[in-house]
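Colleague: Protein sequence lines correspond, in order, to chains A and B.
Start counting the first sequence at 1; every next residue gets the next number (our numbering).
Start counting the second sequence at 1; every next residue gets the next number (our numbering).
Honestly, the hints are just simulated from the structure, not real lab data.
Mixed in with the good hints, there may be bad ones.
Only pairs whose alpha carbons sit at most 20 Å apart, straight line, appear in this in silico SDA-like list of lysine to any residue [as the list claims (entries may be wrong)]: (1) B:Lys181 x A:Pro87; (2) B:Lys158 x A:Gln100; (3) B:Lys155 x A:Ile101; (4) B:Lys155 x A:Pro203.
Only part of the chain B face toward chain A is listed, based on derived beta-carbon distances under 8 Å [said to hold, decoys possible]: (5) Leu145; (6) Asp149; (7) Arg151.
All values reported here derive from a predicted model rather than from experimental measurement.
A virtual CB, placed ideally from N, CA and C, is assigned to each residue, including glycine.
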Amino acid sequence: MSIVYAVFILLLVWFGAAVMSLEILSSNLMSPYFGGSIYIWGSIISSFMVHFSVGYVLGGWLSRRFPKISVLAAFLVVCSLWVLMIPLIYQPVCEFISEQIVDVRLGSLAAMNAIFLVPISIMAMVSPYIIGITTAWQRQSGLTAGMVLFISTVGSFVGTNATAFYLISLFPVSRIITGVGIICLAVSLLVLLLRIDRRIRIPDPNNCT
Amino acid sequence: MKVNIKMGMFFLALLWVFSAIPLTAAPGSQILYETDSIYHHITIRQEGMERCMIFGRQRDLRQTCLDLEKPDASVFEYTAMMFAGFLFRPDAKSVCLIGLGGGYIPTVFRMHLPQVRLHSVEVDPLVEKLAAKYFGFSVPAGQTLSIDDGRQFLKKSKERYDQIWLDAFNSDYIPAHMATKEFLMLVRSRLTEGGIVIQNLFCDNRLYDAQIATFRSVFAKVFVFEGRKSGSCIIVASDRPATDPAGLGKQAQRFGGRIGRIDLFAEITKCKASTAVKNATVLTDDFNPANLLLMQKK
Chain A
1 MSIVYAVFIL LLVWFGAAVM SLEILSSNLM SPYFGGSIYI WGSIISSFMV
51 HFSVGYVLGG WLSRRFPKIS VLAAFLVVCS LWVLMIPLIY QPVCEFISEQ
101 IVDVRLGSLA AMNAIFLVPI SIMAMVSPYI IGITTAWQRQ SGLTAGMVLF
151 ISTVGSFVGT NATAFYLISL FPVSRIITGV GIICLAVSLL VLLLRIDRRI
201 RIPDPNNCT
Chain B
1 MKVNIKMGMF FLALLWVFSA IPLTAAPGSQ ILYETDSIYH HITIRQEGME
51 RCMIFGRQRD LRQTCLDLEK PDASVFEYTA MMFAGFLFRP DAKSVCLIGL
101 GGGYIPTVFR MHLPQVRLHS VEVDPLVEKL AAKYFGFSVP AGQTLSIDDG
151 RQFLKKSKER YDQIWLDAFN SDYIPAHMAT KEFLMLVRSR LTEGGIVIQN
201 LFCDNRLYDA QIATFRSVFA KVFVFEGRKS GSCIIVASDR PATDPAGLGK
251 QAQRFGGRIG RIDLFAEITK CKASTAVKNA TVLTDDFNPA NLLLMQKK
């Protein structure tokens, strides 16, 4: 059972950190094309909120439909591959959108969604998915929903500050994103390989014993 | 009980004294207006005949000032040095200025260099309104103004200029997307043959070295003016300047040694052909810790 929790905590901390690291880095991706104003931050934060809400709904629904960590991990593999592609696609995407849309607010919003909708929505599925599985699996003794959100938020705190205060001055943005993508991929593959689902027995909801 | 009342009175008196301090600290200084725009916290303050527009809360650093009686007097050293930089392309007919502030630079162009078509670019619409209301700025005949991000403006505009002036940089924040190699390549593509770029910045931090390295990666010649009265420095860069620093005196002579109240002969002594930079990396859109470097003093 302890390895199950270790995996949950790993997923929560790492993807909590990755989400915020990418959020900080996205301002560097946007500013050459749309400027460095508060509009850019408005677009970044609001589009991440949209991606979060998509991820929360999807994660909650999927955890009920397929209460298996392997399903979540498979989604995370897709998400990691997308993150690895961002350094290759962001320039042509931003270039194209900034030429089509003159208004920087609309332009940066469109670019943020084109680049980040898929990976951030999938990353946002992690918390509701784990809440769904733990509540179905161990109604009494499992991680509480509050604890799950706490752990993931601690990860976000570390991801935000490590990126903004240190990583940006040490490495090129594209290399940081590639690094984040590689770790995302490694974590998701590790979780798949560990086959955690064998250790999680979801009781039959019709059986009241 | 009596003691408590006494103590209370004492603290009240203390509070009154402390609240009065800001008023007594700057005699004759008066805040005319204070507001938040989408980019800055802006304060308009007047001291004697000097009226300043101050950005941010770090009150004495990021500002643009105008002497109300002598609107062409350079209150700051950096603007005087920028006009000395003008001598590297003295026959300029068109200049693009990024960063309007209180409109001091356009005023000097209007009064003393009327042959130049100046196009100013300011990102903050409120700065233009305040410049008009408190600094008597209006776009003079022969000049134009765009409200736009400097980089976006240059990208969209296909026009070429003899000089491009970058004055969008402050002591505690710079628009990082206008500090990169890609941006300077865009600037270079908007210059005419022999055109120059003049940039204002502070010399006491690591960003200064990185900026010099970045300019050198794009332009064949990079000169600097090092301020003596202030921490300001000016970078002048070009592929084919009209003169080298040694020849500036001759160019200054053509202007009678002055542009308005600016003493060109005094300013050109601050110019250096080269400056040593240590461990400086070229800033790019990809690797751009500009604002972190700005905070690291040398």
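Colleague: Each of the hints needs a verdict: does it hold here or not?
Modeller: Outcome of the hint check:
1. A threshold of 20 Å between alpha carbons decides the hint, and for Lys181 (chain B) with Pro87 (chain A) the separation of about 18 Å falls inside it, so the pair holds.
2. Between Lys158 (chain B) and Gln100 (chain A) the alpha-carbon distance is near 17 Å, which keeps this suggested pair within the 20 Å criterion.
3. Of the supplied pair hints, the one linking Lys155 (chain B) and Ile101 (chain A) holds, its CA atoms being roughly 14 Å apart against a limit of 20 Å.
4. Simply put, Lys155 (chain B) and Pro203 (chain A) have alpha-carbon atoms about 62 Å apart, too far for the 20 Å limit, and the pair is violated.
5. Below 8 Å, beta-carbon pairs count as interface contacts, and Leu145 (chain B) has none with chain A, the closest being about 17 Å; its hint is therefore violated.
6. Given hint, Asp149 (chain B) at the interface with chain A, holds; its Cβ is 4 Å from that chain's nearest Cβ, closer than 8 Å.
7. At about 7 Å, the closest approach between the beta carbon of Arg151 (chain B) and any beta carbon in chain A falls short of 8 Å, and the interface hint on this residue holds.
When each numbered hint is compared with the structure, violations occur for hints 4, 5.
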